[in-house]
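In order, the protein sequences belong to chains A and B. Those letters in the first sequence? Residues 1 to 171, by my numbering. Those letters in the second sequence? Residues 1 to 390, by my numbering.
It is possible that part of the hints are untrue.
Okay, derived cross-link-like pairs now, EDC-like style, lysine to aspartate or glutamate, Cα gap no bigger than 16 angstroms in a straight line [claimed, not checked]: (1) A/148 / A/68; (2) B/58 / B/314; (3) B/49 / A/155; (4) B/84 / A/26; (5) B/226 / B/244; (6) B/170 / B/48; (7) A/148 / A/95; (8) B/37 / A/131; (9) B/49 / A/95; (10) A/32 / A/14; (11) B/226 / A/50; (12) A/148 / B/276.
Listed below are several chain A residues computed to face chain B (Cβ distance under 7 angstroms; list not exhaustive) [claimed, not checked]: (13) 27; (14) 106; (15) 149.
It is worth saying that the hints were derived from the structure and are not from the lab. Every residue, glycine too, gets a C-beta built ideally from N, C-alpha and C.
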Amino acid sequence: MEENVRGFLKERFDEAVIGEDNFRGEQTFQIKPESLIDICQALLEEVELDVRYLSDITVVDWLGHERERDGRFEVVYNLYSLSSRHRFFLSIRLESDRPTLRSLTDLWPSANWLEREAYDLFGIEFTGHPDLTKILTPEDLEGHPLRKDFPLTWEQPTFGWNKDAPPEVIR
Amino acid sequence: MAETRTVTLNMGPQHPSTHGVLRVVLELDGERVVSAKPVVGYLHTGIEKTMESMLYYKALPCTDRMDYLSPMSNNLGYCLAVEKLMDIEVPEKVKWARVCLAELTRIKSHLVWLGTHSIDLGAMSMLLYTFRERESIIDVYEACGGQRMMTSYIRIGGLAHELPPDFESKVRRAVTEVSEHLGDYEALLTKNQIFINRTKGVAVISAEDAIAWSLSGPMLRGSGVKHDLRKSNPYSGYENFDFDIALGRNGDAYDRYLLRLEEIRQSIRIIRQTLDGMPEGPYRAHVPGVVLPPKEDILYKMESMIFHFKIITEGFKAPVGSVYQAIEAPKGELGFYITGDGTNKPRRVRVRPPSFVNLAALPCLVEGSLFADVVCAIGTIDIVLGEVDR
Chain A
1 MEENVRGFLK
11 ERFDEAVIGE
21 DNFRGEQTFQ
31 IKPESLIDIC
41 QALLEEVELD
51 VRYLSDITVV
61 DWLGHERERD
71 GRFEVVYNLY
81 SLSSRHRFFL
91 SIRLESDRPT
101 LRSLTDLWPS
111 ANWLEREAYD
121 LFGIEFTGHP
131 DLTKILTPED
141 LEGHPLRKDF
151 PLTWEQPTFG
161 WNKDAPPEVI
171 R
Chain B
1 MAETRTVTLN
11 MGPQHPSTHG
21 VLRVVLELDG
31 ERVVSAKPVV
41 GYLHTGIEKT
51 MESMLYYKAL
61 PCTDRMDYLS
71 PMSNNLGYCL
81 AVEKLMDIEV
91 PEKVKWARVC
101 LAELTRIKSH
111 LVWLGTHSID
121 LGAMSMLLYT
131 FRERESIIDV
141 YEACGGQRMM
151 TSYIRIGGLA
161 HELPPDFESK
171 VRRAVTEVSE
181 HLGDYEALLT
191 KNQIFINRTK
201 GVAVISAEDA
211 IAWSLSGPML
221 RGSGVKHDLR
231 KSNPYSGYEN
241 FDFDIALGRN
251 GDAYDRYLLR
261 LEEIRQSIRI
271 IRQTLDGMPE
281 GPYRAHVPGV
291 VLPPKEDILY
301 KMESMIFHFK
311 IITEGFKAPV
321 GSVYQAIEAP
331 KGELGFYITG
341 DGTNKPRRVR
351 VRPPSFVNLA
361 ALPCLVEGSL
371 FADVVCAIGT
381 IDIVLGEVDR
């Protein structure tokens, strides 16, 4: 199955696939952000691969790490094929200022909440999302808490106390 | 002609049938639900951020506190992910003990679900019975890790301690009690006309929708999709055990009830197999510098003491890269996506929470149905808000 996915992407989207990584047996393809929708659409329509299950969407913030040079945010789409029991990942790098991606809600309804979570906690904006609002954090919290420059102990709204002055990411 | 309009009704976050702090904003046309919008986040504690600020070892207790009804499953998922990241192979005995504990956890979680779901539907006495059996499983937890709920017993590279001497007898007693009383539950509910009326044909979801909404666990199998990570992508030695995947047919709340009862039976089967064939061996892998040495060695061996000190104070450095390990938790696919960045703390710990993803499909389950069925739909998803919000 690993071969099939690789072959399919190479044949149809040779331009869009930047690289492949098989760390600890996890098949991850680095793809260009603009081709995300086309690749997912094609994967959904390809009956033989049977990639119908979007397991998860997550983000990694590489701020301050040497891998930041490829782009600060790494958005990872976790796809699974129910019939061939194969899991693989699509990884997209986004730059720090206004990270934006196309929403997958038209393809998978489950992307709705997963994208809202990525928006809430990392500030990735998904264009075409029907209801891109905060989902986990309180309404009046400014900033995106899972970013690495968001302080661990900053409490807002303040229930207890904050020792320091508000950090730069919260204006 | 009189003007008609829909009514917006707020349900929760302090409503007993929402199993915690779930809020649902309902738009009603008489008794019919026009639209439903779940609102979550009231229990958000930033567990992922907390875990990212800790050493790999010290992040473990955070996992107990997500799905607090199945702590051992969460421990297992996290430990397997870190072991994958660090490329550690654990001894056979550890694998078998972990399977045994994870299946006990499944029974425990399903028992709480059964009790609370029935109470939502008006069968008050069920909760008392299921909690009686749950107690004997918690006794096993207490004997293993010393804790009744937040066990943290499964550790990176093995277990926290050796299994207690009376482990086998305690587990056997617990599963015997559960299997004896399963018949009582069935007698109370399976042919109970009120229960059938409240659950049959309620909260229906088709197989295609279930896949499109990325449902997992009993929610997916209840619609007849044969997908169980224990079989499809075996972890921790599940390929050694003989069990069947329970399947539903109609994708309604009643099917999911029967399915979860069947899962309890299959779990009992697995647990008996683990007890019969439990291999001998150490309770922790021997990987100096990464896995804590056994306590006995620390007292007598210089190297063990040094490694213990080093691991506790500065931890171990993980390679740069990401791994994902999914397990079949009682509620569905529980995944840990862990990114190492060459330091002793994880760059990213992402929890793929089954409750969160399953709950997103609530509108799909209830729109067009009666208002009273919303309670049944929330119950049948089997959510734990600690995991939804993290």
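Problem set entry | Pair hint residue 170 of chain B and residue 48 of chain B, alpha-carbon separation not exceeding 16 angstroms | At roughly 35 angstroms apart (the allowed maximum being 16 angstroms), residue 48 of chain B and residue 170 of chain B break the hint.
Problem set entry | Pair hint residue 148 of chain A and residue 95 of chain A, alpha-carbon separation not exceeding 16 angstroms | Holds, at roughly 14 angstroms.
Exercise. Does residue 50 of chain A lie within 16 angstroms of residue 226 of chain B when you go C-alpha to C-alpha?
Worked result: Satisfied, since the Cα-Cα distance of roughly 14 angstroms is no more than 16 angstroms.
Exercise. Would the stated hint for residue 106 of chain A survive a check requiring a Cβ distance to chain B of less than 7 angstroms?
Worked result: Constraint on residue 106 of chain A not satisfied, violated at 11 angstroms.
Exercise. If you draw a straight line from the CA of residue 58 of chain B to the CA of residue 314 of chain B, is it 16 angstroms or shorter?
Worked result: Holds, at roughly 11 angstroms.
Problem set entry | Given hint residue 68 of chain A paired with residue 148 of chain A - CA-CA distance at most 16 angstroms | holds, 12 angstroms
Exercise. Within a Cα-Cα threshold of 16 angstroms, do residue 49 of chain B and residue 155 of chain A meet the stated pairing?
Worked result: holds, 13 angstroms
Problem set entry | Restraint check for residue 49 of chain B with residue 95 of chain A, where alpha carbons must lie at most 16 angstroms apart | Violated - the C-alpha atoms of residue 95 of chain A and residue 49 of chain B are around 21 angstroms apart, more than 16 angstroms.
Exercise. Does the alpha-carbon distance linking residue 37 of chain B and residue 131 of chain A stay inside the 16 angstroms limit?
Worked result: Holds, because 11 angstroms separates the two Cα atoms, which is no more than 16 angstroms.
Exercise. Given the hint that residue 226 of chain B pairs with residue 244 of chain B, does the C-alpha gap stay at or below 16 angstroms?
Worked result: Satisfied, since the Cα-Cα distance of roughly 10 angstroms is no more than 16 angstroms.
Problem set entry | Hint consistency between residue 148 of chain A and residue 276 of chain B [alpha-carbon to alpha-carbon, up to 16 angstroms] | violated, 48 angstroms
For this session: Given the hint that residue 84 of chain B pairs with residue 26 of chain A, test it: the Cα-Cα distance must not exceed 16 angstroms.
Result: Distance ~10 angstroms between residue 84 of chain B and residue 26 of chain A Cα, so the pair holds.
Figure legend: structure checked against the earlier numbered hints; hints not met, in rising order: 6, 9, 12, 13, 14, 15.
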